[in-house]
Amino acid sequence: MKTFCTITVLLLITNLLFSQNHLVPYLKSGKYGYMSSETKKIVIPVQFDHAELFYGNLAYVEKGGEFGFIDKEGNEIVEIGTYTTTYDEPPHFNEGLLAVAKNQKFGVINEKGEVVVPFKYDYIGKFSEGKAAVGMLKDPTDYNYRVENYKTLNIGILSKSKTFTTRGNRDNNQGQRWGELGDLWYGFINTLGQEVVPVQYGKVGDYSEGLALVVKNIVHGKGGYIDHSGIMTIPAQFIEAYDFKYGFTHARRTNMYNDNYIASSYEHVYVMDSPNGIIDKRGKLILATVPIQNFLGQNKNGFILKSWDGKVCFSDYEGKIKIPFGEHLDGVVCENAPLAFKTSDGTYHFHHSESYDKITPSINVDDLKEGKEGLLIYSEINNPYYGVLNNNLQVIVKPKYDYISPFKNGFAKVLRSENEKRITTKHFFIDATGYEYVTLDAH
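So the sequence shown is numbered by the working numbering: it starts at 1 and just counts up by one.
Honestly, the hints are just simulated from the structure, not real lab data. Watch out, some of these pointers could steer you wrong.
Claimed, not checked - Under the rule of at most 20 Å between Cα atoms (straight-line distance), these lysine-lysine pairs were calculated in the PhoX-like manner:
hint, residue 1, residue 2
1, K369, K400
2, K105, K138
3, K28, K413
4, K322, K306
5, K372, K245
6, K300, K372
7, K369, K306
8, K40, K408
9, K369, K300
10, K342, K369
11, K398, K421
12, K426, K400
Please construct the entire structure, taking both the sequences and the accompanying hints into account.
The following block contains the structure:
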């Protein structure tokens, strides 16, 4: 009965998806236009050096190394070359707003291309729950040279008094900025550009489920969570923490290295103290008795967790182990798809995400990645290329790609080779049926 329901839901979602017409980037002779997913006809002529899927009514495009945004008629709503960006990947509007840079300062534009927050900040992140992180230089008289190179993903500041490489990359999906040298103070603005949380923190995350991770002092500083009014609702105590999802997150109070070790990344903050585990929005720790080393993923039912001896389990949000520690050494979790666990011999075991019953696939999976939207990206033993599995572990796209991105609204970005030679010099898109939006003589 569960299998029948799963297939029925998948068919309904697929029918709904493909009853909608999407404009999809189409690659021909090294240039992109946009094709109708319904008629398979070109709607916006091939002309761009780079093109992304539409988010709402706008899509990111590039010409001559500069970017802008077009509408579904091909009109430049944000004129190409007007602004610069410092994201690792092409950005998109969140909540109708986008942070962009001009003359080495950040501001915010809306989907009409209008400036709604003036260009006065040294950093602005993505909007989430009506707020965006903003950053100001701690010492603007010293750090007076910005170096921004979007193409090489390097962003940094040169100081008159010191040699400086880069401040590190940002994750485009998170929109967070972690400065290794602590060169910025951070706060939050609302959609009107008002500073609703003062610029005072050494590190911040994005708002998620009403809370944002903040660190006052990045040198041996502990992270806590503030609410939308800026009040610290979960006291600063964590050396590593993540955004909340489904009311829970994974956090660490123990330094896995030593008291002198300091590390920075877009999603971690390190110091020292006691146990690790899953916390709720009160900061209450569950699974405190389980020796958790790492957090491998999360869905609506729970977490895949890795212990210090390298074994993997699945826990629900009540702290109950649903799939116990055993021979599993790694795991992949994707919403609305089976849980996947890799064993010491390199094979994968699959479990239903609701009943946790074991599922046997019809193929021998060698590598597995999250494909989102109930899909899994996989390769087979003795085949280096990737394909796509649905949530019943059926092959819906045969493995023939060097790379497949996670799916977004039914489409994924791919790279493809034949006879060990790349058939296109650029990425192109496929849908969940494997239809390719490309002319294969493109080089």
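Here is how each hint holds up against the structure:
Pair hint K369 plus K400 holds up; C-alpha atoms about 15 Å apart against a cutoff of 20 Å. This hinted pair checks out: K105 and K138 have alpha carbons roughly 15 Å apart, not beyond 20 Å. As the CA atoms of K28 and K413 are separated by approximately 15 Å, the hinted pair is consistent with the 20 Å bound. A C-alpha spacing of about 14 Å is found between K322 and K306, which places the hinted pair at or below 20 Å, so the restraint holds.
With a CA separation close to 16 Å, the supplied pair K372 and K245 stays within the 20 Å bound. Of the pairs offered as hints, the one joining K300 and K372 holds, with about 13 Å between alpha carbons and a cut-off of 20 Å not exceeded. Restraint check: the Cα-Cα separation between K369 and K306 comes to about 17 Å, which is no more than 20 Å; the hinted pair holds. For the given pair, K40 sits about 19 Å from K408 by alpha-carbon distance, which is consistent with the 20 Å threshold.
Under the criterion of a C-alpha separation no larger than 20 Å, the hint pairing K369 with K300 is consistent with the structure, at around 18 Å. For the suggested pair K342 and K369, the alpha carbons sit about 12 Å apart, so the restraint of at most 20 Å is met. For the hint linking K398 to K421, the alpha-carbon distance of about 18 Å falls within 20 Å, and the restraint holds. Pair hint K426 plus K400 holds up; C-alpha atoms about 16 Å apart against a cutoff of 20 Å.
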